[in-house]
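Using this note's numbering, the first residue of the sequence shown is number -10, and each one after it goes up by one.
None of these hints come from the bench; they were simulated from the model. The C-beta atom is built at its ideal place from N, Cα and C for all residues, glycine as well. Treat the hints with care, as some may be off.
Simulated restraints on C-beta separations [said to hold, decoys possible]: (1) Arg370 / Gly350: 18 to 24 angstroms; (2) Arg186 / Val344: 42 to 48 angstroms; (3) His484 / Pro68: 47 to 53 angstroms; (4) Arg483 / Thr10: 54 to 60 angstroms; (5) Gln0 / His72: 24 to 30 angstroms; (6) Glu251 / Ala346: 31 to 37 angstroms; (7) Gly208 / Ala298: 32 to 38 angstroms; (8) Ser266 / Thr392: 45 to 51 angstroms; (9) Gly350 / Ala154: 33 to 39 angstroms; (10) Gly75 / His484: 53 to 59 angstroms; (11) Arg398 / Gly75: 53 to 59 angstroms; (12) Glu330 / Ala7: 40 to 46 angstroms; (13) Glu349 / Gly168: 47 to 53 angstroms; (14) Gly208 / Ala154: 15 to 21 angstroms.
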Amino acid sequence: MGEPLTVDRLQHLTSWSAEWTGLRVVVVGTDARGFSAADTLVELGATVVVVDDAASVEQRRLLEVIGAEYREGALGDAPALLHDGGWEVLVTSPRLEPGHPLHRWAEEGGVAVWSDVELAWRVRDKVDPAAEWLAVTGSSGKSTTAQLTTHLLEAASRRVALVGAEGIPILDAVRYPAGFDVLVVELSSRELHWLGRTPEGTLSPWSSVCLGVADHLDGWHETMDDLRTSLGRVYANTRTVAIYNTADDATLAMVEDAEVIEGCRAIGFGLGAPGPSDFGVVDGILCDRAFLTERATTALELSTRMELASVGLGAAHTVANVLAAAALARSTGAEPRVVREAILSFRLHDHSSAVVADAEGVLWIDDSRATTVHSAAAALRAYRRVVWVLGGVGVGVADAVGTVIESERGRLAAVILIGVARDALRAAFERHAPEVPVFEVDSPDTEDVMPTAVALSAAVARPGDAVLLAPAAASMDQFIDYADRGSRFAEAVRHHLGGGADDHHPTLGTSDGPNSGD
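Work the whole structure out from these sequences, hints included.
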């Protein structure tokens, strides 16, 4: 079994060339990031056990090929899975909440808990020179911002990789033989929760941004203070630029409280007129007043809101994301001309405010990526009148959506509920907006969900309306993932507009009241 490493030796595991041999590690999950962590650790010489409640035959075979052991069972039953002891590190998964039994087992046994992000930071020097990291977080908008930042840097001829939720596993990027100049690292609050607990586990990114903080919890963080603390970790040890949202005081407070590297600048972004070290908007022109010598009296033009609207980037929350991405790119030295041209060649990723169709005056929008109430609310505010398709699975979704219903009830033409949270969501609409018509898709068959939701939407939508799929919840109750959910919605829209949806067209007007289901 070997002698357990001391805490002191763990502190010295901060390089690919450090002495990793003999480290006994438990890795959670057989998904891409879990496999990447296991593969990295085996390459380093560690003894690795991967635990999960289920794995495919192919996943088991691959783990065997790389030399990692697989143990299957309920993750909450850690003592039974890991009975042989001697474990020193647990590489956890964002799907396990802080109070999960596996985390309690680690704490009680003196096992260090790392994320794959921390492991990647510790071994980032595998390829010399190591890539600079740009860290992106926030309650919503981080995927779009990270994708756009990557696009801008590619246009600036940087060797760049997007890693995290929408990119490749971060450890795969760190081990890529040719190396990168920059990694754009998309970080959730769940990943940040485990960072910064030791000096050697704290990132030191080139630049960092928190796009904003939601005013609700999703069931993973116990308190709002915990959520804010986790998101605020993105700024720790930032070396060049800490970017905050001028419309969100919480992000400014995070920057003010952060222990950054001396000389790091604070730069704001927002839809108002920019201060002399900010990015903002003046008379519809997106401006950079941060990265120029005469910023006290002048500004650099990056684009206009009219130009952004012409390429599908005109929604207010998207404009804010563009400004944040531009600030990140400019912090690396990307030229204004390159940034300006690249912004207008960017297209939103599938399932993020994607226009599926514009037919008979009705706009059909796939924003299946809006898996949180905060991101769904931002999507709603982009349209004057909305038929809102929402629902799925997620702890606390129905409670959190109440404030959004109250604030946006005036723009809701109707609501179509899908997923397992329908009862609680229906009750929320009855409490906060009883005048809004609410219909439900109660079919247990995944194949029927989106055709029925689209048919219901088409029956109530009027010219000038937007039918918006912004679920405010996770998708795993009925779909493979958010992309599967969005693709099925888009397919159902196209089928319906082509005249082939009659089999799924329900009869409206039979409800006992506006909030009755179908």
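Hint-by-hint comparison with the structure:
Range check, Arg370 to Gly350: Cβ separation about 20 angstroms, and the 18 to 24 angstroms hint holds. Judged by the Cβ atoms, the range 42 to 48 angstroms given for Arg186 and Val344 holds: they are separated by roughly 43 angstroms. As the Cβ distance of His484 to Pro68 is approximately 51 angstroms, the hint placing it in 47 to 53 angstroms holds. For the hinted restraint 54 to 60 angstroms between Arg483 and Thr10, the CB-CB distance of approximately 56 angstroms keeps it satisfied.
A hinted range of 24 to 30 angstroms for the beta carbons of Gln0 and His72 is consistent with their spacing of about 28 angstroms. The hint said 31 to 37 angstroms for the Cβ distance between Glu251 and Ala346, and at roughly 53 angstroms that hint is violated. Between Gly208 and Ala298 the beta carbon distance is about 36 angstroms. The supplied range of 32 to 38 angstroms therefore holds. The hint said 45 to 51 angstroms for the Cβ distance between Ser266 and Thr392, and at roughly 33 angstroms that hint is violated.
Taking 33 to 39 angstroms as the suggested C-beta distance range, the pair Gly350 and Ala154 conforms, at roughly 35 angstroms. Range check, Gly75 to His484: about 57 angstroms between beta-carbon atoms, so the 53 to 59 angstroms window is met. The hinted range of 53 to 59 angstroms is satisfied by Arg398 and Gly75, whose Cβ atoms lie roughly 57 angstroms apart. The hinted window of 40 to 46 angstroms between Glu330 and Ala7 holds, with their beta carbons roughly 43 angstroms apart.
For the pair Glu349 and Gly168, the beta carbons lie near 52 angstroms from each other, so the given range of 47 to 53 angstroms is met. Separation of Gly208 from Ala154 is about 18 angstroms and conforms to the stated range, judged on CB atoms against 15 to 21 angstroms.
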